[in-house]
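K.L.:
Chain by chain, the residues:
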Amino acid sequence: MSFLTLLDYASVLVFALTGALVASRAQLDVVGFAFVACLTAVGGGTVRDLLLDRHPVFWVDDPNFILLAAGAAGIVFVTAHLVESRMKWVIWLDSFALAVAVPAGTGAALAMGKPPVIVVLMGMATGSLGGLMRDVVCNEVPLVLKQGELYISCAMAGAITAVTAIWARLDTGPALLACGAVCWGLRAGSIAFGWHLPVYKSRPPRS
Amino acid sequence: MSFLTLLDYASVLVFALTGALVASRAQLDVVGFAFVACLTAVGGGTVRDLLLDRHPVFWVDDPNFILLAAGAAGIVFVTAHLVESRMKWVIWLDSFALAVAVPAGTGAALAMGKPPVIVVLMGMATGSLGGLMRDVVCNEVPLVLKQGELYISCAMAGAITAVTAIWARLDTGPALLACGAVCWGLRAGSIAFGWHLPVYKSRPPRS
Amino acid sequence: MSFLTLLDYASVLVFALTGALVASRAQLDVVGFAFVACLTAVGGGTVRDLLLDRHPVFWVDDPNFILLAAGAAGIVFVTAHLVESRMKWVIWLDSFALAVAVPAGTGAALAMGKPPVIVVLMGMATGSLGGLMRDVVCNEVPLVLKQGELYISCAMAGAITAVTAIWARLDTGPALLACGAVCWGLRAGSIAFGWHLPVYKSRPPRS
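Protein chains in written order, with our numbering: chain X, 1 to 207; chain B, 1001 to 1207; chain P, 2001 to 2207.
Read the hints as simulated data drawn from the structure, not as lab findings.
Don't take every hint at face value.
[Claimed, not checked] Keeping only pairs whose Cα atoms sit at most 27 Å apart, straight-line, the calculated DSS-like set for lysine-lysine is:
no., chain 1, residue 1, chain 2, residue 2
1, P, Lys-2114, P, Lys-2201
2, B, Lys-1088, P, Lys-2088
3, X, Lys-201, X, Lys-114
4, X, Lys-146, X, Lys-201
5, P, Lys-2146, P, Lys-2201
6, B, Lys-1088, P, Lys-2201
7, X, Lys-88, B, Lys-1088
8, B, Lys-1146, P, Lys-2146
9, B, Lys-1146, B, Lys-1201
10, X, Lys-146, B, Lys-1146
11, X, Lys-146, P, Lys-2146
12, X, Lys-201, P, Lys-2088
13, X, Lys-146, P, Lys-2088
14, X, Lys-88, B, Lys-1146
15, B, Lys-1146, B, Lys-1088
[As the list claims (entries may be wrong)] Output of the computed footprint for chain P on chain B, the stretches with three or more beta carbons under 8 Å from beta carbons of chain P:
no., region
16, 1018-1031
17, 1055-1067
[Claimed, not checked] With the C-beta cut set under 7 Å, the calculated list includes, among others, these residues of chain B facing chain X:
no., residue
18, Val-1117
19, Ile-1118
20, Ser-1153
21, Tyr-1200
Predicted, not measured: the structure shown is a model, and the values here were computed from it.
C-beta atoms are modelled at their ideal positions from N, C-alpha and C, and glycine is treated no differently.
Make the full structure from the sequences, and use the hints.
P.N.:
Put into structure tokens, the structure is as follows:
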């Protein structure tokens, strides 16, 4: 199994866990858990594959991704009541999912020889769109757009790191590892220590 | 006209009616009715075709689908005021739409020789995503995720029925009929008699 | 640079400005501005390209579209506080974006020799879906579905104008100009003078 495939599996597993936890907050049944878990797990990578005309889409080619996501949802369904603070788990698991999904997306676009801007965008899309779909469908405030937090910025910084590393003639493996590390480090710093970029503030809050 | 095409037409017609009824609840004009009706009617099948790289997309190939959905929207626009309880109509019509869209999606994936997991997923996606788009765009609580009801479970059960029937060497026609029957039976039982799967319940409702 | 490419650039630029202004209402940081601006700017055209199987998608082929949208977002980030009434700017800029995006989508479908119904739909999708994504993601009431206003109707009228003009043997250039003019004229009339189509009104407002 290649490193890229491994990243895809890891990202599917961790995003599925976050999807199932959000489903538990919406009090769905076990099939609802599996539905939201699958949507979250494969959403970002699916958009990436459609945009790059990369067929068959990764999980259509290998249904194990779906079985993995559904299995993770089942485990969360029977164990989520053991978890004290589910939203905290969602946020932290989501940070790990981001840190594997961004290199997965970046790596796929690099392997297709796309120009740097597209590589960075594919990393950002793969990392953020599954979680965005999860939050829109379950009616949560999207993590990706939460005010005063770094999220999409972490994805961008990670993807730019990978592109820079490749440009500096590093191998793909280390470049993607650096990408994931930058991504997770910034996101964790934002969650734990409140790191953020200046936000736009209007004098009258809404006009 | 093949049986599969017939299923596509029926699903477009009935989903369009539900879309137009939801548009009436949002008090849109006649073009808004047609827009929501078309989105609902072709949304699920479009996602199916994009995921399976099945080009041209069914309604790009045959614009009659769009004319049918728009016509249905027009009829609803001038007659919806005659209907007593529109939400009840939406729910019941939607159950019929589900019961034709799931076999339509399942049949299309079967005809492409996809493996069972993908066939089941395509049935589920075709059946549920049009209605999900309708509800997200019109800001209704998505039927597909309503708590304590069977919906996506009905789609899954129906699609699994079709796959099992094919595996047992039934012809495609009867297999898809069985698929639709299981799908509609479960959904109708859920609406009329409250059938449901156990839902996840946390002690403190949100943590 | 062809006339069609020019339309694509203009539509990306103006839609990006509206996206960034909506991001300012959600008080995002500069990367959030760029994200919403890009989603709005390329969303409609991306759906058009995927539906028509037109690969590579226009901005994957030419990353300058993304740089343009991100640059526009940056300029809005540092200047939006100078603007008195941001929502008014969003609405008027959006009307110009619509009036270039609809001819852009119509022209692309015409160039592929699609039948009239599909050409009209592609114009409507390209014109409206980017703004719809912007509003759903940022949790605004979608402009496209605002009650008692012309929006999707303007897109339809413009696209029908183009198809009729081509059918009357006009050149593509003038046909697309007429399309944009009709589109903008109707939308501006709706904003400024309240032009609208009769909306559906139920006796009891929601049943």
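K.L.:
Indicate, hint by hint, whether the structure satisfies it.
P.N.:
Hint check:
Proximity of Lys-2114 (chain P) to Lys-2201 (chain P) is assessed by CA-CA distance (about 37 Å); at most 27 Å being required, the pair is judged violated. As the CA atoms of Lys-1088 (chain B) and Lys-2088 (chain P) are separated by approximately 39 Å, the hinted pair breaks the 27 Å bound. Among the hinted pairs, Lys-201 (chain X) with Lys-114 (chain X) is inconsistent with the structure: their alpha-carbon atoms are about 37 Å apart, more than 27 Å. Our distance criterion of 27 Å between C-alpha atoms is met by Lys-146 (chain X) and Lys-201 (chain X), whose separation comes to about 14 Å.
For the proposed pair Lys-2146 (chain P) and Lys-2201 (chain P), the alpha carbon gap of about 14 Å is at most 27 Å, so the pair holds. The hinted pair formed by Lys-1088 (chain B) and Lys-2201 (chain P) meets the criterion: a straight-line CA distance of about 18 Å does not exceed 27 Å. Between Lys-88 (chain X) and Lys-1088 (chain B), the direct Cα distance comes to roughly 39 Å. Violation of the 27 Å bound is thereby established for this hinted pair. Using a Cα cut-off of 27 Å, the hinted pair Lys-1146 (chain B) and Lys-2146 (chain P) holds, with the two alpha carbons roughly 26 Å apart.
The straight-line distance between the Cα atoms of Lys-1146 (chain B) and Lys-1201 (chain B) is roughly 14 Å, inside the 27 Å bound, and the hint therefore holds. At roughly 26 Å between alpha-carbon atoms, Lys-146 (chain X) and Lys-1146 (chain B) fall within 27 Å of each other, so this suggested pair holds. As the CA atoms of Lys-146 (chain X) and Lys-2146 (chain P) are separated by approximately 26 Å, the hinted pair is consistent with the 27 Å bound. About 18 Å separates the Cα atoms of Lys-201 (chain X) and Lys-2088 (chain P), which keeps this hinted pair within 27 Å; it holds.
The straight-line distance between the Cα atoms of Lys-146 (chain X) and Lys-2088 (chain P) is roughly 25 Å, inside the 27 Å bound, and the hint therefore holds. A hinted pair counts as satisfied when its Cα atoms are at most 27 Å apart, and Lys-88 (chain X) with Lys-1146 (chain B) qualifies at roughly 25 Å. About 15 Å separates the Cα atoms of Lys-1146 (chain B) and Lys-1088 (chain B), which keeps this hinted pair within 27 Å; it holds. Coverage of a stretch by a chain is defined here by at least three residues with a beta carbon nearer than 8 Å to that chain's beta carbons; for the region 1018-1031 of chain B and chain P the count is 9, and the condition holds.
Here the region 1055-1067 of chain B counts 7 residues with a CB under 8 Å from a CB of chain P, which clears the bar of 3, and the coverage holds. Interface hint at Val-1117 (chain B): satisfied, since its Cβ lies 4 Å from the closest Cβ of chain X, which is below the 7 Å cut-off. Annotation: Ile-1118 (chain B) was flagged as interfacial toward chain X, and the flag holds, the nearest CB pair being 6 Å apart, inside 7 Å. With a least beta-carbon distance of about 4 Å to chain X, the hint placing Ser-1153 (chain B) at the interface is held under the 7 Å criterion.
Interface restraint check: Tyr-1200 (chain B) against chain X, minimum CB-CB distance 5 Å, threshold 7 Å, status holds.
Consistency with the previously given hints fails for numbers 1, 2, 3, 7, ordered from lowest to highest.
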